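One letter stands for each residue in the lines below.
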Amino acid sequence: MSAAGDLVSVTVDGRAVDVPKGTGMVETAMQAGVEIPVFCYEPRLGPAVGACRMCLVEVDGMPKLQAGCTLTAQDGMVVRTAQTSELAADGQNATLEFILVNHPLDCPVCDKGGECPLQDLTFRYGPGSTRMTFPKRTFDKPIPISPLIALDRERCILCYRCTRFSEGVAEDGQLVAVNRGAQSMIATFEDEPYSGRFSGNVIELCPVGALTSTQYRFQARPWEIQNVPTICGMCPVGCNVTATTREGKVKRILSRNHPEIDAGWLCDKGRFAFSHLGARDRVTAPLRRVRRRGLEEVSWDVALDEAEAMLRRAGNRIVTALSGSETVEQAYGLAKLLRQGLGAHTAVLPEETRAALDAFTLPLSAIGAAELIIILGEDPVEERAPIVDLWIRLARRNGAQIEHDVPAAPVDADRVVLIWSGDDPGGGQTLARVAHELGLAGREGSGAFYLPRTANGRGVADGWSAAADEDASNPEPIGLLVVSGDEAAADPGVRSLAERADAVLAITMFQGLAVGWADLVLPGTGYLERDGTYVNLEGRPQRLRRAVIPPVPDELAWLARLAERFGVELSPHPSLLWQELSGTAYDGLEYGQVGERAALPPRPAAEAIPVPPPDPAALEPPPSPAVPDQLALLRYRPLFSGPAVERVPELQFQRPQKEIGLSPGDAAARGIRTGDPVSVRSNGTALALRASVSRRLRPGVARIAEEHAAELGTSVEVTSSNQIASEASDLA
Amino acid sequence: MADRPLIVLAGADERDLTRLEEYRAIGGYESLARARTMEPQGIIDELLASNLRGRGGAFFSTGRKASFIPKDSPKPTYLVVNADESEPGTFKDREIMDRVPHRLIEGCLITAHAIRSQHVFIYIRGEYLEEFEVVRAALEETRAADLLDGVTVVLHRGAGAYICGEETGLLESLEGKRGQPRSKPPFPAIQGLYAAPTLINNVETMATVPKIIELGGAEYAKIGTPDSTGTRLFCLSGNVERAGNYELPHGTTIREVIYDLGGGIPDGRELKAIIPGGSSMPVLTPDQIDTPLDHDALRALDTFLGAAAIIVIDDQACMVQLGLRVAQFYMHESCGKCTPCREGTRWMVQLLHKIEDGRAVQGELDLLLDVCDRILGKCLCPLGDAAAMPVASYVDKFRDDFQAHIDHGGCPFGGESSLEGLLAPVEQHVHHPTVELPS
Amino acid sequence: MTNPENAAHFRDEVRAVAAQYPDRHSAVLPALRIAQHAHGGWLPREAFEEVADALELTPAYCRSVASFYDMFHLAAVGRHMVEVCTNICCGLRGAQSVLEAFEAELGVRAGETTDDGEVTLRTVECLGGCAWPTVVALDERFRLSVQAGDVPGIVAELGNG
Ligand SMILES: Cc1cc2nc3c(=O)[nH]c(=O)nc-3n(C[C@H](O)[C@H](O)[C@H](O)COP(=O)(O)O)c2cc1C
Ligand code: SF4
Ligand code: FES
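Taken in sequence, the protein lines are chains A, B and C. Here the first sequence is numbered in the numbering used here, starting from 1 and rising by one per residue. Here the second sequence is numbered in the numbering used here, starting from 1 and rising by one per residue. Here the third sequence is numbered in the numbering used here, starting from 1 and rising by one per residue.
Hints were generated in silico from the structure; no laboratory data involved. Heads up, a few of these hints could be off.
As the list claims (entries may be wrong) - Straight-line Cα separation of at most 30 Å, DSS-like style, residue types lysine-lysine; simulated pairs:
id: 1; chain 1: B; residue 1: K71; chain 2: B; residue 2: K184
id: 2; chain 1: B; residue 1: K222; chain 2: A; residue 2: K21
id: 3; chain 1: A; residue 1: K136; chain 2: B; residue 2: K354
id: 4; chain 1: B; residue 1: K222; chain 2: B; residue 2: K75
id: 5; chain 1: A; residue 1: K141; chain 2: B; residue 2: K184
id: 6; chain 1: B; residue 1: K177; chain 2: A; residue 2: K136
Bear in mind the structure is a predicted one, so any value in this text is a computation, not a measurement.
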């Protein structure tokens, strides 16, 4: 990064190190093999604040102890930590004594106990006994700051990590400090919950047990748990996570910082939705529809016989609807059975993908370093791929320009990132074309991201196509509809396909998704129960690792048995399946090469990738209302929705409000302000919603979450239900 | 005492200098006109020659600080005037704003020119409502008389927080945040208000500048002592006959101020202690009364001139009660950002309460000193020191008062101390309903 | 301020103040002051929502800022505010007796509001009038050199004002 000329020499506890000038002292010391203990310091939260004073060190030439976290390496600096300086040791000891004066020391009943920085640092640097004989500061505790998070103000050491996250990373401005001095405390506004897409990160940031997860409360002691490194399967970002398990159950999800993907942040869906694994309607045995009696459990032998019979009956008149949450190997296994065994090549893929975009591959972290970001598409980024939103916010704080239209003139910014957040029937083809036209090909730090809707849509498409070459035949009528996975089972489009099918075989985790239309249900598993590979929106294959054993045999186990009956040799082992498909789909990448911190495949040479043809129709004019004075309705699929979220009671408060998003101009023209009740009409339907004015919406459109849009048509009339405001706008 | 040059308050006894025409009648705004014909560096050179040092408490060379402001910043440069005066015992900036607002404004405009700034913010402590009104009226006159020359001057009122006098706390507050100090570096001269180069100066410092331009820096430097040049508004209060502001050259002795000007201690009482610079300064004893009031002389006694507030304490005051009340002030005003100050001041108050109550044991007096010591030099800003230094000095110099509380289980003044039962706001202000109060 | 006309007026006033600053966030303190005035001397929940709305901040943020400063009141106060300095300089010269006189005259303790909601009495830190003890702020205007004996007259004045 820096030229060798920029290196400076620093001595820490007598050990000399050379680091780039300006390197933080905590990092510099670490390079010298010395730990400077910290509480408030967390570079991901912005510049060091020097609040907690845990990191006090002695610096030659400076009369007072200095906060190590706020120092940067300067040539010739001589630093002494508690290891070699009595003054520093006394300073750190003093800090810990002050922190503990009002700390309740209720470690035996604290969830943080055993993995608590305060415990660890007190053990190493702190006083051995207390000299505090006065009543400690007390607060009501713990108080829920949301259904997900409990706050124990007595344990809080006021490091302000959580509030800095809220203000400076998520930028939600909801978790704040109130009062002053010794009466300071962390709070939300009045009794409102801390809501937002990223609230759970404060639990991990908190260096003590002040902010804890209500899901994890009193669930486990750190020495009874196992931590399994895997990938989040809730959206196409593919955050690296650790699943904490105890006695075969997932207890919590923690981040496992991949600096190029997630920088250690998770969204609340990825963090908290895991408990859907234990949903009450989880399918734990095969189910068969019996006339007038609904779904009944059957044995696996019966189920496989039945499945075989259904497949044979339909032959190649099978249509397979995939979810995009299958692993690459599962999609390949299913395809191998159906395509090679039955010649059934027709699939409804969750996502189209095109290689054209590979010429613009980038790590997500490049967004944070971009100078110009162009966001296209009609969906809110944070609903599709929440972490991408954090990267964009970081870029904006770093001074990047954010645009929502393709610039007419050539751009002179060095690092340009294109993001397409919306459905592109071309699977990113249009985006690739735009990227070419902007001259981003081969430009370092520039590139394009297409945000798919599903976690592994791309990997599923790869797996499906790696099994055979033949084209789909689109049978009509459909002999059998195979519904693979929960998202497909919940998709209205797939449901309407079923109406044209003789029979339906559904693979799903939840009975609720199968009742009423599936003839045979084979139990599905969740991403935390599987081994295999996911390919995220960057095109990075990542390793999914089984955190807990599913309550049912996994898909590959029974697929292998079923395949046998059709003379198809199918291994139940993901690694062997990967070996078969990787040559066609992934340049022969070995299963074992996808490590715990997976690398992004290199960008193919620009010439190797065909330039997509110009396609003027693809960049369609944005939707506009059919009738003047009406607004074009955009429906979006909220982050907090879908089969998993619906099954997690604590997450319900995060589901979208009954709101309609309006652009400032449209709102003003109607005398509407954020929070006002409005009436939305179309097609003879009228809905009462609240207005939310957003500068990120274009004039002429209104946005409503799919689940609240009900029967509305594509064009809506919006009026204020606020008496006075609507009169005012009538006058105007 | 015959020679009492007036710099800051010159003319204010004779005329109503809150009015522009009166101020102009004594040559007001002529320094500004002159300064505007000078190169910015020329003004800084005069300031350097004057050896003017900041009147806000830190006594840093004004000229040097101005010279740290980058000359080619791509961002705008700001001048911020610190009118947050809240240190117990200080009330000089209030008098300046009340009586010579135009001199303050003139000083600001000259200094803005020196650092090529078009934007001046005057941060006036929220409680100073009338002073705000006076300065606002003066500013209107200045604007109407076309004296601003494109410079915008914004009066920004604080809202009751001592820490906003600390320069980086002030900047945070001016940016609409909680007034918690920032860690330095970066220094305000490089990244101050809105992360742009910012010069921060005290009201009195600014009100001195016009005279320096008028007299010339070298001439100004002849007033006072070589290292502490010029005059100072000494705020005299406490147990003294004629309390008030006295503008005097540096180097005047404490005795002259208290006795010759202040008329001595009332009611036939004896002098017990002198706080030389405001409540955060280590205390002096009567035998040190002939000390000249200049920076070096006070440093030699391990204390500071600070904001030049002289608080006179007579023999009816219990030093334990004084220490408790001072500690309560700093606990109340601690911003809560850094650990030693937030927790340490609270602990100090608890210990002092217990000692004052007569319930403490010997070890707790030592513990108090140790807590002070553990705060000292470890905080993010000087506020923690401001609590620890004076209290430690009271114990050090008036140990008998403390010892008596422990030995006799109560206050030796038996309820007759002038500070008996003083109710501190920290005992009573509740910002948020669920907060418990210190017992 | 439930009336939208007032709300619009408030927004305009706040935005006019904000226009003085290079960054509108700087107007948080002035905006809170305006809101406090409009809400009878303190900041109820709606006040934060209004300030947040006018300055495009969150109510939580506005409350966080307000709670840092002594001059913002997060609970209801009386129509008049009596603030007695009890810092050391006034303390050395009898602030305690002045406070006690107010307590006796008003029938409340420091920190409380009279039953009729007329007067809130509280102690404050040094007001910057140390040479003229005791300093008392009556609705933000200073009275200097207040003695216990002056208190009944002052309270009577408040009753008339
Ligand atoms: C806790 C604290 C409170 C302070 N209060 C004030 C104040 O009220 N007025 C002031 O001018 N300086 C105050 N200062 C000093 C300022 O930080 C700063 O040094 C000063 O405003 C610079 O101006 P000057 O160089 O003209 O003195 C305070 C410092 C600290 C640490
Ligand atoms: S709750 Fe935790 S993260 Fe937040 S300030 Fe307290 S100790 Fe820090
Ligand atoms: S880690 Fe340096 S002050 Fe907190």
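Tested hints:
1. Straight-line distance between C-alpha atoms of B/K71 and B/K184 comes to about 21 Å, which keeps the hinted pair within the 30 Å bound.
2. This hinted pair does not check out: B/K222 and A/K21 have alpha carbons roughly 45 Å apart, beyond 30 Å.
3. Taken as a hint, the A/K136 and B/K354 pair is honoured in the structure, with Cα atoms around 15 Å apart against an allowance of 30 Å.
4. Distance hint between B/K222 and B/K75 is unfulfilled; the C-alpha atoms sit about 38 Å from each other, more than 30 Å.
5. As the CA atoms of A/K141 and B/K184 are separated by approximately 36 Å, the hinted pair breaks the 30 Å bound.
6. Under the criterion of a C-alpha separation no larger than 30 Å, the hint pairing B/K177 with A/K136 is consistent with the structure, at around 29 Å.
The structure is inconsistent with the numbered hints 2, 4 and 5, although it conforms to all the rest.
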